[in-house]
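*Asks:* Here is how the chains run, residue by residue.
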Amino acid sequence: MGRIVESGADAVVTKSIGLVPRKGHPGPVLTTSHGGVINAVGLTNPGIDAFIEEMKVLKDKKVSVVLSIFGNTVEEIVEVARKGVQLKPAAIELNLSCPHAEIGQIAHSPDLTRKYVSAVRDEVECQIFAKLTPNASDIISVGKAAEEAGADAVVAINTLKGMKIDIYQMRPVLGYKVGGLSGPPIFPIAVRSVYDLSQALNIPIIGVGGVSSWEDAVEMHLAGASAIQIGTALIEGLEVFSRIKKGVTKYLKEMRIANISKIVGAAWRSTI
Amino acid sequence: MTMENLMGNPRSVKVFEIVRETEDVSTVIFNIKDSDFNFKPGQFLMVWIPGVDEVPMSISLWEPPKVGITILPIGEATESLTSLQPKDWIGIRGPFGSSFTLESQKALVVGGGVGMAPLRPLVYALLKTEAKVTMLIAAKTKQELIFFKEFSQLPVETFTLRTSTDDGSEGFEGLATDAAKEILKENDFDTLYTCGPELMMHGLYGLAKDRKVLFQASLERFMKCGCGICGTCAMDPTGFLVCIDGPVFTGNYLSKISEFGKYHRDAVGGKKEF
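Protein chains in written order, with this note's numbering: chain D, 1 to 272; chain U, 1001 to 1274.
No lab work stands behind these hints: they were computed from the structure.
List time: in silico DSSO-like cross-link candidates among lysine-lysine, alpha-carbon distance up to 27 Å:
no., chain 1, residue 1, chain 2, residue 2
1, D, K56, U, K1262
2, U, K1106, U, K1149
3, U, K1262, U, K1209
4, U, K1209, U, K1256
5, U, K1262, D, K61
6, U, K1271, D, K88
7, U, K1256, U, K1212
8, D, K83, U, K1272
9, D, K177, D, K164
10, D, K61, U, K1256
11, U, K1087, D, K164
12, D, K15, D, K177
13, D, K83, U, K1271
14, D, K62, U, K1256
15, U, K1106, U, K1212
16, U, K1262, D, K15
17, D, K177, U, K1087
18, D, K23, U, K1262
19, D, K161, D, K144
20, U, K1185, U, K1212
21, U, K1142, U, K1181
22, D, K161, D, K23
23, U, K1033, D, K164
24, U, K1087, U, K1066
25, U, K1014, U, K1087
26, D, K177, U, K1014
27, D, K56, U, K1271
28, U, K1272, D, K15
29, U, K1256, D, K56
30, U, K1272, U, K1262
31, D, K61, D, K245
32, U, K1256, U, K1271
All figures in this text were calculated on a predicted structure; none of them were measured in a lab.
Just chain U, with the same shape it has in the complex (with noise of 0.2 Å):
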């Protein structure tokens, strides 16, 4: 592989159009006309916006040339990558990393927050393998339910939505592991596919452990290079590179994760708490 290859092809892309899905979360499109462009659900790229920073981000819409980024502004980079207007340039590079695999006939879904982003493109890769899926979307409130409207109004007859809201203004009233251990209690997957809050997703892998469900989760950390070459994303104690080896893990990988569900690191290395 050539060093352009290995570090993800950098190109700059002209934003297409942005997409409004709650009153804080938009959707950045942007065309990519290369046909090497090759995508599995899970993989995110590196963005960079001119004259702020590089951040990794999952991608959300994959619908070639049209590709997608959705994005919660939490900082200085999201922050402006939600208020580019069309036409502005951004650079990519990916897309990189480990992706969902799409072995299972009966999936149970769940996203928490802007933790939807990368389950987008999985729900519909696993609805064309014809296998079974129920989808919980969680948040805190009915206003912020990512690709709700897009989902309840999914004509497929394989498909199940599901809500929880921590204010009960949609779906089940609580948090997103008690939603979908009522989901759990009532039906039977072989597989649970997660990404959202950390703390969320630790809670999920519990349950999948206890009813001998695989687990597959999309993590975050702290990321840099997003090439398996500079170790910010190394996580403890195995080594194991979220950019690399991740972002996708699957539950029996998250065992040997003693961080996965206590800490992650900041912008100098050190530990953070969840």
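Chain D extracted, bound-state conformation (with noise of 0.2 Å):
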């Protein structure tokens, strides 16, 4: 997390940490399938406490951390976000939606959204993310009941659930044969979704899925999200986000415009 934070983000999103430690599932946990990547790691943590002590090391570097959590059940979950605050992170960021383990369904349903949110809400003071799922049949009205329920923002998207068939060895490459696509190849996706929960929502929106270049990023922005998250393309090395920015930076300048907040959600205002 050091070398992100020295890599030129702005603040460094932690892997999901839940109440106790998880080995995640059996290899393979990722593959390549149409340009993108399918993992299924499982929630692969040490558990919140052992978490606790590794993130000491990250004290002296003044880096803006984004807290993931999960639970199991709704006590759960806040138990992770009461201990985690002693963190000071940023924000905490509920991963409700992670499409290869238990936990996937909680995003599927506003319901389900609203009790864990508004349970952590009623715990902690920090920022609350709520991370959706594209997987659910309608978004929107999980975006929506994240709101009411006193989310300070919501990340889209999860990964969508995909798989990859070995055509020699006939069988499902990963271990646990269902995993989370990400990458290029969601980016479209991602650029629906936010676009319609940006103009669902008043809060905001963190728009994450498939975003490897700076037009991406522009792409992004203008269909609304007020941040933007990187994950698959770190693959490609750490510089991808110095990149970005050069090329964010210099797009602003040669469309005249003063900063990146006067561009987001552009996309549907210019045609409201």
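Could you fit the two chains together into a complex? Lean on the hints.
*Replies:* The following block contains the structure:
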């Protein structure tokens, strides 16, 4: 994480942390298909207590940390959040939508989403982000439920449920069989989700899903994202952050736009 | 680079042959026909054993199209690998990671146990550059010395074989580090290359530093993706990734890694002391 900060990211989102240590799924935990990555890591993490210890090494680095957490029950996620605030994170992101773990179903349902978000809202003071899934039949209703329950922002989108089958071995490649598709192939779906959500909600949208170039970043902002997360594109190296920032800065200058906030959601504002 | 390239061009291959190296250790050999499959000594593959797991394995044999990995069964995945039969399918990705550099003129190569795996292609590559190579194969007993027969029959003048066993059943009696200390006293080397138990490598690192000999070691950590995205193999405090910054690290790199010789991490990321 220290390396990510040094490479130009403004904030770092942790891997999702749960209440107790979790091994995750057997390998292979990731594979590739159609230019994307399909992963079924399975929320591997050392548990919140051990994680708090680990985070001490980052104390001297001035870094905004968004702590991503999950829980199998409302009580569990509340406890992780209560412990997690000790780290004084810039925000807590609720992973309600991992497609290759039991918690994947939460953000399919507006009611469940409302329960999880409001329970954490009642417990902690800090900013809360709710991470949504495009696998839900109606992402807008889920987003609205998160907003009503007190989320400060929504993060869209999590990975899409997918599968890769090896044609010689005639079986799914991933140990868990099903995984979450990320990377360039999901970018248009992320753009559509952000475009819809940002019109329906009053809280900011954090855009994520397949962003790998400055053009993607601009498009995501135009769709309505106030900030952008990058994951899969890191496979090409940590330079991705500085490359995107440089490209976006140049674009803004060329287009004579004062700052990025001027274009957030411009794609739908211009057509209304 | 395409996503396929970055993820090591996943492909399935059929096991061609299993060679038993010692009572426990076997080499699994398969054919790779692609002409774009390049390898440098020290690099590794992610090997998928269907229905079991995917694990990192050093390449121990490189005679295209024949490629091999050498396995000591220590867990579910490695046990399944050593019980494979010819014509069974496995999946491979890679090769991944850094490699040993071949600038040495006079090299000491120290392999402890199954740590011999990546050193076999290294020794052949060094001998091709006309470097003088002394290899120390170390194990608990004579029966556990890996590639002993192969290297003891190597008819190359620039190559010297030494052995050490904990029980003295072959060569030097005692630890590999003590055997290496003796060898370093008798000879001048410019580089010490090693792979094996981390405490052994840590001891050798100290010896090399004292004698101002360059040092390169191949490290092992729990790994999931092999290609620099999951962070499982990140080392403290620098965040160097064993899968892409390593597995081969120079002494200079190792001096910055505080966990070297002290601890590694288990499947959930918890610290485990050596």
